[in-house]
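> From first to last, the protein sequence lines stand for chains A, B, C and D.
FYI, in the numbering used here the residues of the first sequence are 1 to 209.
FYI, in the numbering used here the residues of the second sequence are 1 to 777.
FYI, in the numbering used here the residues of the third sequence are 1 to 290.
FYI, in the numbering used here the residues of the fourth sequence are 1 to 147.
Treat the hints loosely; a few may be bogus.
What the hints assert, rightly or not - Derived lysine-lysine pairs resembling BS3-like cross-links, with alpha carbons at most 30 angstroms apart:
(1) C:Lys-268 with D:Lys-129
(2) D:Lys-129 with D:Lys-34
(3) C:Lys-268 with D:Lys-137
Just so you know, these hints were derived from the structure itself, not from any lab.
As the structure is a computational prediction, the values presented were derived from the model and not from experiment.
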Amino acid sequence: MRRREITLRVNGTTFTASAEPRKTLADFIREDCGLTGTHLGCEHGVCGACTILMNGQTVRSCLMFAVQAEGAELMTVEGLADGDRLHAIQQAYWDHHALQCGFCTPGFLMTTVEFLQDHPQPTEREIREGLAGNLCRCTGYQNIVKAVAAASQMVAADPHWVPRWASPEPPTAARASAGNGGTPTSRKRTTRSKPVKPSRSPRRRRPKR
Amino acid sequence: MSTRYAGARVPRNEDPALLRGRGLFVDDLALPNLAHAAVLRSPHAHARIVRIDAGRARRAPGVAAVLTHADLGEFGGPLPMLIPHPTLIHPKTQQPLASSVVRHVGEPVALVVAESRYAAEDASDLIEVEYAPLPAAVDLTAAAAPGAPLVHANTGTNVCAHYTQRVGDVEHAMALAPHRFRERLVVDRGTASPIETRGVVASWDPRTQRLEIWDSTQAPIPIRNGLAAMFHLPQPSVRVVAPDVGGGFGPKVMMFYPEEILVPLAAMRLGRPVKWIEDRREHFVATNQEREQIHDAEIGLDETGRILALRTVFLYDAGAYCPYGLIVPIVASTTLPGPYRLPNYHAEFNAVFTNKTTVSPYRGAGRPHGVFVMERLLDRAACELGIDRTEIRRRNLIQPDEFPYAVGLIYQDNAPVEYDSGNYPRCLEHATEMIGYAGWADQQAAYRAAGRCVGLGVACYVEGTGIGPYEGCRVTVDPSGKVFVSTGVGTQGQGHMTSFAQLVADQLGVTPRDVVVRTGDTDGFRWGTGTFASRAAVVAGTAASLAAQAVREKTQLVAATLLEARPKEIDLAEGKVFVRGVPARALSLGEVAAAANPLRFAMPAEWEGPGLEATRYFAPPRGTFSNGVHACIVEVDPETGMVSLLRYVVVHDCGRLINPMIVEGQIHGGVAQGIGGAYWEKLAYDAQGQPLATTFMDYLLPTAVEVPPIEVGHEETPTPLNPLGVKGAGEAGVIPVGAAIAQAVEDALRPFDIHITEMPLSPNRVRQLVAKARRTP
Amino acid sequence: MKPAAFEYHTPRTVDEAVALLARYGEEGKVLAGGQSLVPLMNMRLARPANIIDINRIDALAYLRRERGVLRLGALTRQRAAERSPIIAQHCPILRDALRLVGHAQIRNRGTVGGSIAHADPAGELTAILLALDGEVTVRGPKRTRVIAAADLFVTYLTTSLDPHELLIEVRFPLPPEGAGWSWMEIARRHGDFALAGVGVVLAVRRGRIAEARIGLTGVGPTPVRAAQAERGLVGQPPSTALWAEAAEAVRGAVEPDGDIHASAEYRKHVAGVLTLRALQEAYERARKVA
Amino acid sequence: MKIDGTNTLPASVDTVWKTINDPEALRRCTPGLKELKAISPDNYAATLQIGIAAVKGTYAGTLRITDKQAPTHYRIILEGTGGAGFMKGEGTVDLEPQGDGTLLKWVGDIQIGGLIAGVGQRMLGGIGKMLIGQFFKCLEESLGSGS
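Using the sequences and the accompanying hints, generate a full structural model.
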């Protein structure tokens, strides 16, 4: 099959590589972008280990083809920490022993980033339902639930807690059709102000037409 | 020296990298010129291979090699028998690739190596295999019966072992027992399903003649030893690394899975590195499974509910092969007695081949079965004799002054089952307090008045842990002041990098952050057996502590000369080495390490060599026995059979706790797996041996919504069997969950008078029980 | 578990998409949210030679209310619909059901049109479309036609669209103002396919049931409209006994299949149980509004 | 997976017997049967294309008729293997006169293996029944139209 050149941004860095249309987004991120923090646990969309943010919303990167993400703004677990400083969500997971083998953890972290934007003061029930799309076989979830609750307290104090790669400008119709599904009115849109490193293209790309 | 870190809730050293996505799991490995493998597997449960034509596959674009059994030569198998047993009369193991007969769906038939996994799967679609289907032995009872289709044609029977263990005179005691109750108790198949599947990467360097393997295994050193023998290489020429492993739970201890031979072989033949990553569908047919047993059990009691005799005769489903011997059924029969006095006991089993995926230990490894049988029998007796269910247990408990308590059985490690320590009555009290058993009757009445079916369950267990033969550990102080610790037991999430660091830090007066623990690399430490049977903290932890103690003494010795004091006067704290009472006369630990490695002049003989380094081994005389009690409250909707867990309480005694936070995490995870096995997880097979649940859409791991909050209470009865007083904790969480939930569901549905004898339950099964209930409220 | 190779097409307009469908017919497959299709492709159960990815057709992502009808562009994400204030206010049963479709990560991609066209026998939206007498607009190479929900669902994963047609809009007639509603389903886990599910809309006027709609899922090859049970309700004064009659009628109307998770008998029984409970809940909601 | 059923056909036992032995009728009525080549009497090479929605599989195999007791009984066996796995449908058919029509009793057993069995269990049972239903409906129609 004809290979295609694919350009997308992950954690603010632009990547261009050619791949077969059938290559899943997860494989592209892991192999072509060299970002192996995104894991594959089932490749049929149930376990959630491959969960990333695309244009600010969680998606299963095993259920998309890389070509579909052309021009998209992606965030993976590698984009969460601010340099050497762990993100509040990562810190909360550490403090509360919310990981054991750590394989499912990146997916849980990405889910948590979106969840806390939708539920700034979540109840335990909301947390559990919000995490139900990710499977963990080690922790029994209890400490993950604790960590998410703790993280909600920690980020409440910081209006700029949302990593910029997790929160692009309100999507246009084009973005909506490229995967965003409209802007939830409830969403907080303030993002962590972070100096744009020279390696990163200063302006976000729009999806290619 | 005052303990500071052992026993504390120290956050884990391994977490920051994992939280940043900087772990190194086998699939994360990228090597130059890496080729990718896919395995073609049997779609039949039992069939003769008539013809294999790999021609089109070999010619397909991007294909580097296609291996069938014909290409394996001396590596054609059968694979080694991992754990033999005298009563195992038919020790059958599989070939890396099937030659003439496939015996379960998923058995490997060919290996394709190509430029990408995509291309490898394209090519494996092109391999033509003609099968002549054979009748399959699927149902366990049927497979054990004479005349059943034979899984292995030359055995004459599917029963590969028959084994009996006895205590006292059961026949006599049973005959005299005023009360006897029989049950047929069934536990169905499940699978561990770590979220990371298995995976192997192999690389052969023709210049150094060195084979390097990255393997998602719980036992890298035995794999190294086995591969060295198989490929006729000295052990130092083979390196096996178990990097970050995404959960193990038992099935990742094997020697060997076919891919662990095939991938290295392909890499050596092709002269380029090869990666194989099991996909989830493969995992459901190609990674060992567990749990399936059918017990015919009878209990005899006196008027007061004291157990006089217990007999179980059971079938154990071994699957298509038995590389792991009889560990699971032996553990089941030796765990059954639990915390109770059992003067007369008869455990007898037949291990049976079936045309299903091979069975080997999965967290619990037979313990949940034994406990399910014992606890169900006690529930039945309590009910029939009108004795409170906690009271009947209390009356039979072994008392604190009876330790060491010889049960009279032989355990999986061939040592006698002798309970070393514990306080069973206190654990039971603690658990019933936490769950509020005293006020339960009123509480339940209130629920019933409100039309709600809510029930409570309590179940006890004893868990054999910390078995030998041995583990070792090397502790080295670096001139930087960092302490490096190497051991053979890898980690799959149990937190060795932290708990071992705590033990070492306490000896050397540093913080756990200063201690770097390296495991799972055979180049880092050459001796060991692996992480299984809840043994790592007990055996390797003790070794680490002993090695650190030796380094502490060496440090005192070296510092004594440097600080002109007697070794006994040297103290270690806050990374400093100083003369007790004279903190000014101090060196940093790193400075002492540097001084211990002189470049010139004489080195004192009593140093016995350079550096602050020591290696120690620990070989426990026998296993140590943890114990605990689980109690839960469930609500059942009798119309839909839906069960929800309202509360779950665990009281647990694993001796001294190294890190309560980690122990609790282990318990939470174990309970969640137990809950899955009690209500959600079932590996269904059809009558032809086709597995019907090979995706996460049909094999249902509980999510955060299904698993309730778990309340953990600790008891700490140290063991005399190791200097730390620690016992194992890894499997505790999973063991009595089925028993506790079965009792709770019965209790919730008492108005219907239903009786549960099978695990797992499901909405459908609960509803069936209610529909044909013996009573209607 | 990697998909077989395919040719990839990204039409920007409905016309382009329809032209591609006309060209490839059986050899072409529309990719919308992909949350059902891509797993099948990863497992190589589905091996379409041509993937026609409609995700770049901006014009198909919309959601509006017009003259008592909710109009959803086929590409509207389930998550967008779930969060829509319009749906929350005018068709809350849809919101409640959407929340049980997989998980947030799935609904962020999954589309309303995809759910309908995929016609999973355990789908939620299909049952509601049927219960509300909804319809879909499909575009073929020659003509655009409207298919009523009642004529849409043929059997397992099969609709009356022909391979050259593209589903472009889904329309849900809104329940009458003040109507009560309930969506109830039994699933093994949160977010799983329903073992059985029922949606009820109930309008009560002057102490009698003026309108009743009952749609079921998971109880046969297609979603089921419990028409007889509905007729039995209309004109009657609400009562538990009446709900029980309706539940019996529902049990009589469904012929579920059994699978490893639940037998046919179980599903039949539970369909009745849920109907009774959903009617009760819908009635209570209707009463609150009134 | 065992299933059974009865159909009343508007034709004499002999006509029905002819029809259910007629390769052309079998080809026309067996769902997804693309090719049917006679290898020997009552033994055919068959190519099936069975699929629901995006899940389509081509199966190469055989169709055999055995245990014939003309004009009232036979066993029909349909086997196929393909990328998605394999399937075997086996059934006995018994005919008895009923008025001026024929009562056709059938008992079938469908085995499905490989990929499709492990992934499709939720719908396979129902789909199997559906396909067999189609087979007999088609027979009914062809007989109705007086073939």
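> Run every hint past the structure and note whether it holds.
Here is what the structure says about each hint:
1. At roughly 18 angstroms between alpha-carbon atoms, Lys-268 of chain C and Lys-129 of chain D fall within 30 angstroms of each other, so this suggested pair holds.
2. Between Lys-129 of chain D and Lys-34 of chain D, the direct Cα distance comes to roughly 20 angstroms. Compliance with the 30 angstroms bound is thereby established for this hinted pair.
3. Among the hinted pairs, Lys-268 of chain C with Lys-137 of chain D is consistent with the structure: their alpha-carbon atoms are about 26 angstroms apart, no more than 30 angstroms.
Checked against the numbered hints given earlier, the structure satisfies every one of them.
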